[in-house]
Structures are given as C-alpha cells and as structure tokens.
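Here the structure of chain A is known, so what remains is to put chain B in place on it, guided by the hints.
Sequence order for the protein chains is A and B. Those letters in the first sequence? Residues 302 to 461, by my numbering. Those letters in the second sequence? Residues 55 to 625, by my numbering.
Keep in mind the hints are simulated off the structure, nothing from the lab. Worth double-checking, as some hints may not be accurate.
As the list claims (entries may be wrong) - Result set (DSS-like, lysine-lysine): computed pairs, CA atoms no more than 27 Å apart in a straight line: (1) B/562 - A/326; (2) B/348 - A/403; (3) A/398 - B/562.
Claimed, not checked - Sample of chain B residues lacking proximity to chain A, with all beta carbon distances greater than 10 Å (derived): (4) 214; (5) 275; (6) 378; (7) 608.
Stated by the list, open to error - Listed next, the stretches of chain A that the computed footprint assigns to chain B, with coverage defined by at least 3 CB atoms under 8 Å from CB atoms of chain B: (8) 309 to 317; (9) 330 to 338; (10) 400 to 414; (11) 421 to 429; (12) 434 to 440.
It should be emphasised that the depicted structure is a prediction, and the values quoted were computed from it without experimental measurement. In this text, a Cβ means the ideal position worked out from N, Cα and C, and glycines have one as well.
So the chains spell out like this:
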Amino acid sequence: MEDITKTFSKEELEELDKIIETEGKNPGGLIPLLEKAQGILGYIPISVQKRIAEKTGIPANRIYGVVTFYSFFTMESRARHRIQVCLGTACYVKGGKEIAEKIENDYGIKVGESTEDGRFTYERARCFGACGLAPVMVVDGKVYGKISVENVDEILSQYK
Amino acid sequence: MPGKTVADINNIKNAAQNENDAKKDLTKIYVHMGTCGIASGAIDVLTALRKEIKENSFKNAKVITTGCAGICSKEPIITVEVAGQEPIIYEDINAEKVAEIFQKHIMGKKVVKEYAFARGMEAQIKERIKNNGKIPGQTVVDDSIQGIEEIPFFKLQEQRVMRNRGIIDPNKIDDYIARDGYQGAIKALTSMNSEEIISEVLDSGLRGRGGAGFPTGLKWKFAAKEENEIKYVLCNADEGDPGAYMDRSVLESDPHSIIEGMIIAAKAIDSHMGYIYCRAEYPLAVETLNKAIKRARAYGLLGKDILGTGFEFDIEVYEGAGAFVCGEETALMRSIEGLRGNPRPKPPFPAHAGLWEKPTILNNVETLANIPQIIVKGSEWFSSIGTEKSKGTKVFSITGDINNVGCVEVPIGTTLNTIVNEIGGGVLEGKHYKAAQLGGPSGGCIPLQHIDVPVDYETLQEYGSIMGSGGLIVMCDDKSAVDIARFFMEFCKEEACGKCIPGREGTKQMLNILNKICGGKGSKDDIEKLEELGHVIQKTALCALCKTSANPVLSTLRYFRNEYEEAVSKN
Chain A
302 MEDITKTFSK
312 EELEELDKII
322 ETEGKNPGGL
332 IPLLEKAQGI
342 LGYIPISVQK
352 RIAEKTGIPA
362 NRIYGVVTFY
372 SFFTMESRAR
382 HRIQVCLGTA
392 CYVKGGKEIA
402 EKIENDYGIK
412 VGESTEDGRF
422 TYERARCFGA
432 CGLAPVMVVD
442 GKVYGKISVE
452 NVDEILSQYK
Chain B
55 MPGKTVADIN
65 NIKNAAQNEN
75 DAKKDLTKIY
85 VHMGTCGIAS
95 GAIDVLTALR
105 KEIKENSFKN
115 AKVITTGCAG
125 ICSKEPIITV
135 EVAGQEPIIY
145 EDINAEKVAE
155 IFQKHIMGKK
165 VVKEYAFARG
175 MEAQIKERIK
185 NNGKIPGQTV
195 VDDSIQGIEE
205 IPFFKLQEQR
215 VMRNRGIIDP
225 NKIDDYIARD
235 GYQGAIKALT
245 SMNSEEIISE
255 VLDSGLRGRG
265 GAGFPTGLKW
275 KFAAKEENEI
285 KYVLCNADEG
295 DPGAYMDRSV
305 LESDPHSIIE
315 GMIIAAKAID
325 SHMGYIYCRA
335 EYPLAVETLN
345 KAIKRARAYG
355 LLGKDILGTG
365 FEFDIEVYEG
375 AGAFVCGEET
385 ALMRSIEGLR
395 GNPRPKPPFP
405 AHAGLWEKPT
415 ILNNVETLAN
425 IPQIIVKGSE
435 WFSSIGTEKS
445 KGTKVFSITG
455 DINNVGCVEV
465 PIGTTLNTIV
475 NEIGGGVLEG
485 KHYKAAQLGG
495 PSGGCIPLQH
505 IDVPVDYETL
515 QEYGSIMGSG
525 GLIVMCDDKS
535 AVDIARFFME
545 FCKEEACGKC
555 IPGREGTKQM
565 LNILNKICGG
575 KGSKDDIEKL
585 EELGHVIQKT
595 ALCALCKTSA
605 NPVLSTLRYF
615 RNEYEEAVSK
625 N
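Bound-form chain A, shown alone (with noise of 0.2 Å):
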C-alpha cells in the first residue's frame, strides 16, 4: 500500500479529515463522506479507505465494499477531464455505441482507462436524461448533446 502522505498534499489530508470529522458521526453517513472525500482527492486508494476505517470505526471491509460497489467510486486517479459516453437505451438507438468505440479506438482507451499522456478518462454511462439530445456525451460535466462521431473530435479538441 502506498504511502498515503506522499500521495496526497498536507493540505488535501487536512480537508479529508475534516470531512471524516462531520460526516463520520452520521448514521449513513459514509457514502456522503466518500461522496466529498473523492471530491477533494479526485479517487479513494486503499491507502484512504484505511485513513476513513480507523478515525470512523467503520471496518475496512465494509469501505472498500462501499467503494467497489457504486460505480461513482474509484480506486485509480483520473485524467485531467474525464469523458462519459451515455450508453443509455435512447442513445443507444441514436448512436451512441458508435461514438463509444470511436473514442475507443482513436484515443487507445478501454472503459474505466485514462489516456497515457493523462489528459482524458473514457467512461460509459448509463443514462443522464438527457434523452431528447440523443446520443450524449458529458466531459467534465457538461452534457453535448446530438452528437456525431464526426463531431467528437471537435468537442474534445476543446480540452486540453
């Protein structure tokens, strides 16, 4: 296991426990904390599920079963922006599983991989809503909608 101090800041850690602080002592209050928790360092490593067992009590077990059930929860630090192709049913039918393994083989990247130079991680998501605007694709949380796959390369050229 890492040395969790040499992976994160002094600064991030401080936030980290400040949130295991509050949101440690709710009942439930553990997908919540991780929730904030990987706001702050952008991934939960082992390394941090064990910081969150033993200030809360919560046994490491349960935290890592926590984290590896929802797919909101990683493990692995993610590029600078993250792509998500929404594989949805009404994307779907519009599309979207061509736009999926066109970033697929353009960028070299697999679900859940990020791209060497650090720049993009490629996720599938399983529907944002956004129906109407079939196929979608959300980079860093900003929905595109009615997208192509020859617009693709054009929104992403935008983040760098």
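Frame of chain A; chain B shown alone:
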C-alpha cells in the same frame, strides 16, 4: 426568523398574485432551463438576453427562468409575452436569434415569425380552446403562427403533475405558492386526520408511478397502522431506467410539489423525517431540491412546528452513487444506511420494517407530485380520468426514432398510437415503426400490430410489456430486435448486485447466449435455452430488478422470433 403561519402563506399567495397583476405591463421572457435546455445552449441564450436588456437600458422586462418546457427536441426554447399580446414560443434559439428577437419583438413588438413555434402558453390551452383560440385581453399578433392548442403534442396532454412546468421558477417558492402551492399541505395539516388523508388517497385510485402500480393509499395505510415513534417517508428519485427522465423533469421544474407531497404523506403516517434519494447523475435536480428544501424550511413549511400546527417534519436529500439496483426499495434503504445497495427478501415489508428497521413508505417522484392536488381537489376529481383500474395521468418520456422527443403527460388509457403518432408526431421521415419499448430493462416491447392498445397497467402486462416508470423508446425497423434484447441484458448483467444466483449467473449466461447469436454463432438450441433461463430467472431471482431482467428477451422472442431464428439459421 419565526416560522410562518397558514395566514402568512395565504398572504404570500395573494401578494404574489397581486404582484403578477401589478407587473402586467412588463414584457415577460421565459427562458426554459432544464438539463436539456441548458445542454442545448440555454445559458448562452440567457446571457445574450440579459446583455441586450442591459445595453438597451430596457426597464420593462421581466426574465423568468423555468425548468423544462416539455418538448425537448425544440430546445432551447424561450417564450416572449409582450404586455397585452399573446405569448409567442420560439424554438431552436441561440444568442444571435435572441438578439434579433429582442430588437424586433421585445422592443419593436413585432413577432419574428421565422423562429416562432407557437402562439400561447401550455398552461393556458384549456382557456384558449374555450375562447376560440385566444385569451381575453391578449391581442392575437399573427394568426399564421399555429396556436398551441392546435398542436397535437400539447393539445392531447393533460397537465396535472407537470401543471407548473414552463411557467414557474423552480427556485422561487413564491411562484409555487401563487399557483396554489402548499394548499394541500395546509389542508392536510389543519383540517384532516390521518384516516381522512389516507381514504382520500385510497379513493382516488392513485397507484405507484415507479412501475409496480401498487395502490399508494394502501401502502400508507399499512405504515400508519404501525405503532412506532420513528417512521420514515422516502421519495425514490433514483430514476435509473435508461431512457426515462420524467422524474428529472419534475424535480428540476417543480421541486416543491414533491416536498408538499411528502409533508402530506408524513402527516398521514405520522412520520417526522424524510429522505429524497436522488441519483448522482442528476446534479441540477439535486441542487434544485436542496434549494427548495432550504426555502421551505425558511418559510416554516418544514421543521419543528410546521406553520404553527405543531406538526414536525423535515427532509434531507441523499445523493446516490451510481447503482441501478438502488431503485429497488429495500436496496435504496440499505444505501441510505451507508451500505452496499443489496436488496433483501420481503416480507418484512418496508411499511413494517424499512429504513433502519423502522416503518417506512417509499413513493416515487411522480406519485408524490400527484398528492397535493388530490388533497386540494379531491379524489373524485383525480379519478375522473383514466381507466377503470388505473386512474389519473401518467408522464412518459418519449424518445428514440420519433419526431417530437419530449416529456408528455396523458390520461392513463390513451392508446400507444396516439402517444407515438399524434403527440410524438410519428417516426422520423423515411423510417417505419417497429416497436416501442416500455419499462426499460424490466419491460417489453409493443409491436406495430398492437399499436392501438390503451396504455394502462393491466393491458400492457397482457401484451408482455409493463407501464414501468414512463420511459417509452420508439424503435424503427432498422434496429435488430435481438440486438436490443442483448443491450438490455448487458445492462442487467452489469447492474445486477450479485447477491442472488439467478441474478448474478443467470443474466450472465443469457448475455453469453445473446452475444453468441448476435455474433452469428448461435444455434437453434440457444433460443430454447434463452427461453428456459428467462423463465427460471423470472421465478427465482431475489428482487424485482432481476426477476424482470428477462422480460425484454421474452418479449422480443414473442414478437420477433423470426429475427432470432434468422440469426441462427446459418448454424
């Protein structure tokens, strides 16, 4: 700040209505800013509009930002209402167009016909029909533009759950109060007891809108009977069915209707704490809900002594973390407890032992949004539309290969044909309707030969589909039925929580077979195996999600067996 009283709320209502009258001379510009609107460029439109107003020192404008306008395929949409004139809805707007509309229409009072979509507003359709297509006091500006009451997409809808969409600012509680908001809660808290509320809901015939269709009043009755100091009211806003976004639209456009529904439910079962479980993929809905709850608290509508009635109830938003199975009620409760979202067998039912083993009711967003009006207008009003066994309206999000993609609310029992071909404007040019999938990964498809079926809980089931939560995806004959079945099975396999064997292994095996068939390597035996496995999963899986996971396969086998046979014919 001391909590407000019932009289205060009524004063706010009157003041808000008077303010609307006082501002009659203003030009109102509605910018519709749901997720779809924003993704299509509504923020640029709003910015450009504000810039024009400022640069021209135009004092006579009131900009209102609302949630979804319903017809997503025309976004970004704005509605311009010059004082004394009919409102005009503009479609497919951008920054340049809004600048032009500002100069010509808002300043010059001349409609820009080129960009105009319709005359009038959705909330005024009934009044317009009554007055031969106009509203008294409003000048008709250009009757070559279609009136909104002439457009099937709007005309054939019945707005109840979505009655406030496109006209209120979801972030302004006064807007909601001005439209009789919180009157249901006031009535329930001041003049009704638990039994009266429950019998009103029971008599209305309202059934759960999340998919299963269980009578809402009955659920409440069971929980009310439980004697326990702690009970919970939960709202299921974990709209996980891909291709469905009705709940998102309600959450973003009219969040107070859900809060009000929950207050009434709390009074009915005597609960003092509620949670709204909202999926993380809906950041705008979460933000809107949190703002609404804060305002409701400031108004004394949530908290220790609601409106001075002595009743205590509060709500928190709980953000999900991306697991489809958490839409299942027992899994959702485990998730709020901070655990893996694994479902558990029932009984005990949540009404007896739910969240933290306390009596709990869980209602879907749309169900709760129906409650305030049932209390205000009565069960008879509610049950005046619908079918014998299914009362009221249902909201659908119609998507796929269809012209008018959007969120529509129709009386239950409306035929699929009306929804697809009239409201939806038919399939895209050059394509042919093949089937509509209802109920997403738990549902089934309705092919062309059955397009005239009335859409209600029982009839759809008879045809191998389900009402579901309201996702309605239209597919044309360029889509392979086998591939769609494979798509849904892949979804279920990935989202299965892994707790029960039929759910974990069964879906995996079915997906393997479907992949084999789609890859051209299937045999005739595989079709039989699929059917057999499907029936086993239906009978043996732990929770509804995997129990229904075989439905898309069985339904496509029922109607498009020839496609499966063709795919395996070479082997």
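Going down the list of hints, with the structure as the test:
no., hint, in the structure
1, B/562 - A/326, "violated (39 Å)"
2, B/348 - A/403, "violated (44 Å)"
3, A/398 - B/562, "holds (20 Å)"
4, 214, "holds (21 Å)"
5, 275, "holds (27 Å)"
6, 378, "violated (7 Å)"
7, 608, "holds (17 Å)"
8, 309 to 317, "violated (count 0)"
9, 330 to 338, "holds (count 6)"
10, 400 to 414, "violated (count 0)"
11, 421 to 429, "holds (count 4)"
12, 434 to 440, "holds (count 3)"
Of the numbered hints given earlier, the model fails hints 1, 2, 6, 8 and 10; all others are met.
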